[in-house]
Amino acid sequence: MLKIPRKTRRAIAPYALALPGAVLLFIFFYGVINGVFQGFGIMPFLGRIEFTLDYYIEAFTRSDLSSSIVYSLYLSAVSAVLAIIGGVAISAVMTRARTSRLTRLVNIQIPIMTMHSLVALAVICLFTGSGLFPRLLYHLGIVSDPNTFVSVVGASSGWGIILVYLWKEIPFVAFCTVTIMANISDSLGEAAATLGANPLKTFFTVTLPLCKGAIVKAFLIVFTFAFGSYEVPFLLGPTLPKAMPVLAYIEFQDPDIINRCYAMALNGIMVLICSLFALVYFIVLQRERKGRM
Amino acid sequence: MKNVSMPAVSRRKFLALTGATGSTVVLGGALAGCSGSSEPASDGEGSDAEIDYTNWDAVLEAAKGQTVSWYGYGGSEPRNEWIESVLTPLLKEKYDITLDLVGMDINDILSQLSGEMQANAEEGTIDFIWINGENFYSAKENGYLWGPFCEYLPNFNDYVDGESADIAYDFGSAVEGYEAPYGKAQMQMWVDSSVIAETPKNPEEFLAFCQAHPGQVTYPQPGDFTGTAFICCLIAGVVGKEEFEKLSMMTDPSEDEVKAIIEPGLEYLRSLNPHLWNQGTTFPADSNTVSTMYADGELVMNMGYGAPQALVDDGTLPETTKSFLFDTGTVGNTNFMAIAANAPHKAAALVAINEVISPEMQLSQYEVLGNMSVLDMEKLDEADRTAFDDVELGVSQLPLSDLLAVRVAEPAGPVVPIIEQIWLDEVVGK
Amino acid sequence: MAASNAAATRRKKRNGKPFSKLFVAIHVLIVLLPISVIAVWACADRWQWPLLLPEEFSMRGIEEVLFSSNGQGLAVMGQSIAIAFAVAVLTTIVAAMAARAICNYTWVGRNAYSFLLVVPFLIPTTVFAMGVQVLFIHAGIARTVFGVILAHSICALPYAVTIMIDVTRAAGTRLEDAARTLGAGPLRSFVSTTLPALMPGILSSISMSYILSFSQYFLTLLIGGGAVRTFATVMFPYLSGGDRTIAAAYGISFILATFVVFLIFEWLLRRFGLGKRTDLYG
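As given, the protein sequences belong to chains A, B and C, one line each in that order. The opening residue of the first sequence carries number 1 in our numbering; numbering runs sequentially from there. The opening residue of the second sequence carries number 1001 in our numbering; numbering runs sequentially from there. The opening residue of the third sequence carries number 2001 in our numbering; numbering runs sequentially from there.
Watch out, some of these pointers could steer you wrong.
To be verified - Distance condition first, Cα-Cα at most 35 Å in a straight line; then the derived DSBU-like pairs of lysine-lysine:
#, chain 1, residue 1, chain 2, residue 2
1, B, 1241, B, 1259
2, B, 1094, B, 1241
3, A, 7, C, 2021
4, A, 7, C, 2017
5, B, 1322, B, 1241
6, B, 1246, B, 1064
7, C, 2021, A, 212
8, B, 1201, B, 1430
9, B, 1379, B, 1201
10, B, 1201, B, 1322
11, A, 212, A, 201
12, A, 212, C, 2017
To be verified - Take a look, some chain A residues computed to stay more than 10 Å from chain B by CB distance:
#, residue
13, 56
14, 81
15, 124
16, 130
17, 153
18, 235
Simulated from the structure, these hints should not be mistaken for lab results. In this text the structure is predicted, and so the values were computed from the model without any measurement. Ideal placement from N, C-alpha and C gives every residue a C-beta, glycine not left out.
Between the sequences and the hints, there should be enough to build the whole structure, so can you do that?
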C-alpha cells in the first residue's frame, strides 16, 4: 500500500467516502436537467434548440392553474399535518407499549410496502356509494340505497385522497421517528420518569423537541410526495378542480409530442414549488446542525 | 375485461389505476415525448437489410428461428391468453418463430421506443406494436415506424380492403402502409336485463332513461377514451351522423369550427347532468371506476368498446347482461399493428402480423374474444364466410351486422382533445 | 446496562400500558382492513350491493398470478427479490459512506453535498428517468440487470442517506477513536465499535431500499426495456386493467411476497443474534 501521510489521508477520506453517492447523484441530475430543458422547448433530438418561455407562459396563464395549485396545496398540507400527528402518536404509543417486532412489521412495514394504487382500490371498494361501508350502514338501517352515501369518488373535499395518504404516510412518519423516540425513551425518559414527571408532560417537554429534526424532515417528504404524485387524486379526485399533478398527467397523455413540452412546463412549476420547500428544508437542516455544534 | 376487443390501442393511454411509481409516468413520459428522433422513417437497415421483402418466401426463410417481440397493452387477460395459447404455438409450429408478448401501456412503449431512437440504437428491443390513433400518427411523424410494409403481406393483399376508410385511415390520419389492421372496435352499452327491461335507442330515450334512474347513470370523464367515445355517440345522435362525421375529416381544426358542429350536442349533455350520478358535478376519472361502480350496483348502465362477454363468462357480471346500441349510431375505430423502425426482427414481425390477419386467426379472435374482423367478407371464400356467420355469440354480444349498421366514424385525432376541453369548459357542473 | 434494561422492560410490562396497547391494536386493525378487502376481492367474482360477502368466489385471479404462462411466475419473483436485495445492499453501503463523510469530517462542499443528497425526495422519481434511459443505452447497461439495479439505487439513495445520517450522527466517533488510540487498525476499530452501533440504521435502510426497488415500475420498464422483468412490471398492466379480481390477486401476492421476505430476514437476524440488539428499533 502506498504510504500516504496520515494528514493527507484524513483530508482525502471524506471525498473518497462521498464519491459513490456523488456518482449516483450525477446520474440523477443528468436526467432531471434534461427534463427541465424540455419545458423550455429544447429538444435536440427533434432539432429544436431554441430557448423559449412560451410553454411556461401558456402554463402560467391557464385559467385553472391557480385553483389546481390551491387544491393540491390543500390536499398535501392536510395530509402532511395529519400524517405527522398520527405518525408521532403511533410512534409514541409503540415506544411506550414496547410492541414486538412482528407488530411493527405489520403496522409500519406493510403500509410502506403497499402501492398507492392498491390502497386506492381498497378505498374504492370500501367507500363508494355501493361500497362495503355503506352496505354496513344499510344493514344497520342508516342508509337505504347506494345513492344515499356520499361516494368517496369525486368528493370535492378530497377525503378519500387524504385517507389513502394517511394510511400510507402515518406509518412512514412513525418509521422516521420510532428509532429516535425509542432512544430518548431509554435515556432521557427514564430520567424524567424517575424525577416524577408525568409521561404526557415528559413527552411534550422532552421527547417531542428532541424529535423535531426527524419530524420536520418527515413532514417535507410527505408534503412534497402528496403534492407531486398524480395517481391517487386522479382516481379519487373531483373533475374540477384537478390537482396540479393530474393536470400535468393529462397534458402528458396527449400524444402530440410538442404538447409534452407543455406538460413538462407544468411539471417545472411543480418542481419550482417543491424547490421552495427544499429551501425551507435546507434552512431547517442548517439550523439543526448549528444547534448541535 | 370489458374492453376485450381493443383497450390499449386507443389513442390515449388507459387512464386507470396506476402503480407505485406515481408521477413517474407523467414526468418520465413527458421527457420521452419531447425528445423525438429526426431519423427518417424508412431505413429498414439492420440485420435484415439484405432481405427482399417483396419475396414472401425469402421473408419466411429469414424469419425462421427468430424471436419476435410484440409490445402492446398487457392488461387484458383473455387477449393475453389467446395470444399465448393460440397464436404463439401456431407461429412456432408453422414458421419456427417464437413470439414474445410484452405487456405495457402504449405511452410506456412509445417512451421506450423514443429513448432507443434517441440513443440511435440501431437494433432496438421492440419488433412490432399494437397501436392506433394519435400514437400512431405521432410515432410515424417522428420516424419511429418502419414501412410501408402492408404491401408485403399476402393476407393483406388477398383479404383486406386496403381502400376502405376504416383501414386506410386511423383516426383521420392516413395509414399509408405503415400499420396493418388488427381488429375493429365499436362502442356499445350494456345493462343487466333482469333490472332494466327497456334500453334506450337514441339520445332522447337515453335522457328519459337517466330521469327514470336518477343518480344511477354516469360516464367516464372525457379524456378517458371510453368517456370521450360515449359523449361522441350522444353528440352524433343529436347532430346526426353526417354532420358528426365532418369531424373525422378535419386535419387542422379550430375550437370554433368544432364547437359549431357539436353545439346542439353540448346543450343536450348539459340537460343530462341533473339526472346523472352526483348531479353531473363530477364524473369518475376512468372507465375502470365506472365498471367497478356498475359491477357493485351503484350504476345501472356501463359502456365500452366491445361486449363484456369475458366478464359474463367469469361470473363477474350476471348471465342476464345485455348489450345495446343507439339507432342513431355509435362510434367505432380500427386498431393496428406497426413495426418499429429499429426492429431487430422485421421479417419475423411481418410473418407474425400476416398470421394475425389470416382468415383462421381472425375467425379465432372473433370466436374467442368477440373481436370484430378487419377482413373484407366479400373477399373471403364461401367456407370462411360461413364460418364467421356460424360463430355462436355470447349472451352479451351483438351480431357484426348490427354493429356495422350503426357505425359512425370517430372524430379525427386532433379534434378529440378539443372536444374534451370544450366538455370540461361547458358541460361538467353546468 | 443490559440488566437495568431488562429490569425496565419488566417494570413496563407490569404497568401494562393498556391505553398504548389499545391504540396500537386499533392501528393494526386499520392497516389490515384494506388489505383484507383486497384479499377477499382476489377470490371474489361478483359482490353486489347490499351483500356483505361475495356472491361468487373464484380462483381465477390466483391462478392467473401463479400459472399465467407468460408470467414465468417463480423466475420473475426470484429475479425481483435478487434485484431488490442487490439494490438494498448497494444503496446502504453508498449511503453509509456518504453519511460518514458528512457526519465525521469537515470538508469543502459538505453542506451542498448533504443537501443534494436529499433533493431527489423533492423531485418525483422519474423526471430523470427518460434522460437516464438514453445515457444507459449509450453506456450499454440498458436492458441489463446491472442497469436496473443502478437506477433503483438512485431512487432509494435519499431514503437510505437520511436514515444513515441519523444513526451515524448518533453513533459518534468517540468509541472508534478510542479503539484507534488503543492501537486497533482502522478496519478493526470500525467493525468492532461503530458498525454495531450503526446496525439498526443499516437494517432500516436495507428494508426501505428493498421495498423501493421491489415496487419500482416505470424505471424498471424503461431501463429494463422489457428484457428485465420484475414482479412490479408484470403486475402493473393488470392493476390498470380493469379486472378487479386479477388486480387484487396480484396486489395481495405482492404484499405477501414482500412480507414473507421480511419474515425470513427477521428470522435470519435472530438466528445470527442480531435480533436482540435491534429489539428497540423499527
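Hint check results:
1. Distance check on the hinted pair: residue 1241 of chain B and residue 1259 of chain B sit about 16 Å apart at the alpha-carbon level, within 35 Å; holds.
2. Of the pairs offered as hints, the one joining residue 1094 of chain B and residue 1241 of chain B is violated, with about 45 Å between alpha carbons and a cut-off of 35 Å exceeded.
3. In summary, the hint linking residue 7 of chain A to residue 2021 of chain C is not supported, as the alpha carbons are separated by about 53 Å, beyond the 35 Å threshold.
4. For the proposed pair residue 7 of chain A and residue 2017 of chain C, the alpha carbon gap of about 54 Å is over 35 Å, so the pair is violated.
5. A hinted pair counts as satisfied when its Cα atoms are at most 35 Å apart, and residue 1322 of chain B with residue 1241 of chain B qualifies at roughly 25 Å.
6. With a C-alpha separation of about 46 Å, the suggested pairing of residue 1246 of chain B with residue 1064 of chain B is violated against the 35 Å cut-off.
7. Distance hint between residue 2021 of chain C and residue 212 of chain A is fulfilled; the C-alpha atoms sit about 25 Å from each other, no more than 35 Å.
8. Using a Cα cut-off of 35 Å, the hinted pair residue 1201 of chain B and residue 1430 of chain B holds, with the two alpha carbons roughly 25 Å apart.
9. As the CA atoms of residue 1379 of chain B and residue 1201 of chain B are separated by approximately 33 Å, the hinted pair is consistent with the 35 Å bound.
10. For the proposed pair residue 1201 of chain B and residue 1322 of chain B, the alpha carbon gap of about 14 Å is at most 35 Å, so the pair holds.
11. Taking the CA atoms of residue 212 of chain A and residue 201 of chain A, the gap is about 16 Å. The hint holds against a cut of 35 Å.
12. Proposed proximity of residue 212 of chain A and residue 2017 of chain C is supported: the alpha carbons are some 25 Å apart, at most 35 Å.
13. Chain B leaves residue 56 of chain A outside its interface by the beta-carbon criterion, the shortest separation being 14 Å against a cut-off of 10 Å.
14. With a cut of 10 Å on Cβ distances, residue 81 of chain A stays outside the contact zone with chain B, its closest approach being about 21 Å.
15. The Cβ of residue 124 of chain A sits about 6 Å from the closest Cβ of chain B, inside the 10 Å cut-off, so the non-interface label is violated.
16. Distance to chain B contradicts residue 130 of chain A as a non-interface residue, since its nearest Cβ pair spans about 4 Å, not more than 10 Å.
17. Residue-level check failed: residue 153 of chain A sits 6 Å from the nearest beta carbon of chain B, not beyond 10 Å.
18. With a cut of 10 Å on Cβ distances, residue 235 of chain A falls inside the contact zone with chain B, its closest approach being about 6 Å.
When each numbered hint is compared with the structure, violations occur for hints 2, 3, 4, 6, 15, 16, 17 and 18.
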